[in-house]
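Trainee: Below, each chain spelled out in residue letters.
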Amino acid sequence: DQQVKQNSPSLSVQEGRISILNCDYTNSMFDYFLWYKKYPAEGPTFLISISSIKDKNEDGRFTVFLNKSAKHLSLHIVPSQPGDSAVYFCAATTVQGGSEKLVFGKGTKLTVNP
Amino acid sequence: NAGVTQTPKFQVLKTGQSMTLQCAQDMNHEYMSWYRQDPGMGLRLIHYSVGAGITDQGEVPNGYNVSRSTTEDFPLRLLSAAPSQTSVYFCASSYGHMNTEAFFGQGTRLTVV
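Residue numbers (the numbering used here), protein chains in the order written: chain A, 1 to 114; chain B, 1001 to 1113.
I should point out that these hints are in silico values taken from the structure, not numbers from a laboratory.
Every residue gets a Cβ at the ideal spot worked out from N, C-alpha and C, and that includes glycine.
Hints should not be assumed to be uniformly reliable.
Cut-off 20 Å, straight-line C-alpha distance, at most; resulting in silico cross-link-like pairs (EDC-like, lysine to aspartate or glutamate) [what the hints assert, rightly or not]: (1) LYS101(A) to GLU1101(B); (2) LYS38(A) to ASP1056(B); (3) LYS71(A) to ASP31(A); (4) LYS1009(B) to GLU42(A); (5) LYS109(A) to ASP1038(B); (6) LYS106(A) to ASP59(A); (7) LYS54(A) to GLU1101(B); (8) LYS101(A) to ASP1026(B); (9) LYS5(A) to ASP1056(B); (10) LYS5(A) to GLU1059(B); (11) LYS71(A) to GLU15(A); (12) LYS68(A) to GLU15(A); (13) LYS1009(B) to GLU1030(B); (14) LYS101(A) to GLU42(A); (15) LYS54(A) to ASP24(A); (16) LYS71(A) to ASP1056(B); (17) LYS101(A) to ASP1056(B); (18) LYS1009(B) to ASP1056(B); (19) LYS106(A) to ASP1038(B); (20) LYS56(A) to GLU1059(B).
Take a look, some chain A residues computed to stay more than 10 Å from chain B by CB distance [claimed, not checked]: (21) LEU11; (22) GLN14; (23) GLY16; (24) ASN22; (25) ASN57; (26) VAL103.
If you only want the chain B side, here are some residues facing chain A, beta carbon under 10 Å, derived [unchecked claim]: (27) HIS1029; (28) SER1033; (29) MET1041; (30) LEU1043; (31) ARG1044; (32) GLY1053; (33) GLY1058; (34) GLU1059; (35) CYS1091; (36) SER1094; (37) THR1100; (38) PHE1103; (39) GLY1107.
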C-alpha cells in the first residue's frame, strides 16, 4: 500500500512559468514532509521541507504548501528554469514504535523547456 | 569536500555471492541510512543508524545486514545475492533525524545475474 503518492509521472512547463508538483499521502501520523530533486546518475539532493504544523514554507523560488485536511502537499517553482529539469520526490516521515519511518513517492519528472 | 562517498559505483554479482557496499561520510553526521531505488519506484529505506553502534531496520531489510562501528562508515552487506536485489543503492547521512536534510552519495548500481 503506497502511503505517499505522486500521481503525475511527468510534467512539462515553459521556462519562466510556474511548475506545480503534487503529492498525496494516506498516513495521518506523518509529521514532516520533504522534497528532493534528482538528476540522472546522481544522488538526490534536498530541496525544502515542511512540518505538519505549518501550511506553507518558502525558500527562494521554491514554496511548499501543505493541506492536512486533504492530505495533500504541493511544490511550486516560480519561475521555472531549464536547470530545474529533474525528477522530484516527495517524502514523509514519522516515528512508529520507536523506529523512524521515511517513505518516498515514486517521483515526478519535470521538464522545463527553454 | 567529499560529503558522502559510495564504492563501488557499479557491480555485477552472481546469485549466491556476497559483497559489501561501502559508504563513508566526512561531515560528522550521526544519522546514516541505506536506500534502494528500483525502476519507476521511489527510494525505499533498507536500514538506518542513529549513531555508532546503533542500527535499525527500514521498510525492506530482508537480505541485507549493516553495522556501524564508527561515525564515518556504514557498510551494507549482501550475504547471498539474489536477482531481486538488482537495484541502485544510495547511502545518505544527516545531522539529525530523517526529517532533516539528508546528503546522498552518487549511488551503486548493482546487478545480480
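Trainee: Does the interface hint hold: is GLY1058(B) within less than 10 Å of chain A, judged Cβ to Cβ?
Mentor: Holds, about 8 Å.
Trainee: With the threshold set at 20 Å, check whether the alpha-carbon distance from LYS106(A) to ASP59(A) stays at or below it.
Mentor: Violated, at about 23 Å.
Trainee: Measuring from the C-beta of MET1041(B) to each C-beta in chain A, is the shortest one below 10 Å?
Mentor: 6 Å, holds
Trainee: Against chain A, run the beta carbon of THR1100(B) and see if the smallest gap drops under 10 Å.
Mentor: Interface hint status for THR1100(B): holds (8 Å vs cutoff 10 Å).
Trainee: So is VAL103(A) really clear of chain B, every C-beta pair being over 10 Å apart?
Mentor: Non-interface label fails for VAL103(A): nearest chain B Cβ at 7 Å, not farther than 10 Å.
Trainee: Quick one, is the LEU1043(B) hint okay against chain A at 10 Å, beta carbons?
Mentor: 5 Å, holds
Trainee: Can we confirm that no CB of chain B comes within 10 Å of the CB of ASN57(A)?
Mentor: About 13 Å separates ASN57(A) from the closest Cβ of chain B, which puts it past 10 Å; holds.
Trainee: Is the straight-line distance between the alpha-carbon of LYS5(A) and that of GLU1059(B) 20 Å or less?
Mentor: 16 Å, holds
Trainee: Does GLY1053(B) pass the interface hint, meaning its C-beta sits closer than 10 Å to a C-beta of chain A?
Mentor: 16 Å, violated
Trainee: Over 10 Å from every CB of chain B: does GLN14(A) meet that, or does the non-interface label fail?
Mentor: 26 Å, holds
Trainee: Regarding the pair LYS1009(B) and GLU1030(B), is the alpha-carbon distance no greater than 20 Å?
Mentor: Violated, at roughly 24 Å.
Trainee: Does the nearest C-beta of chain A fall within a distance shorter than 10 Å of the C-beta of GLY1107(B)?
Mentor: 6 Å, holds
In summary, the numbered hints that this structure violates are 2, 6, 8, 9, 11, 12, 13, 14, 16, 18, 20, 26, 27 and 32.
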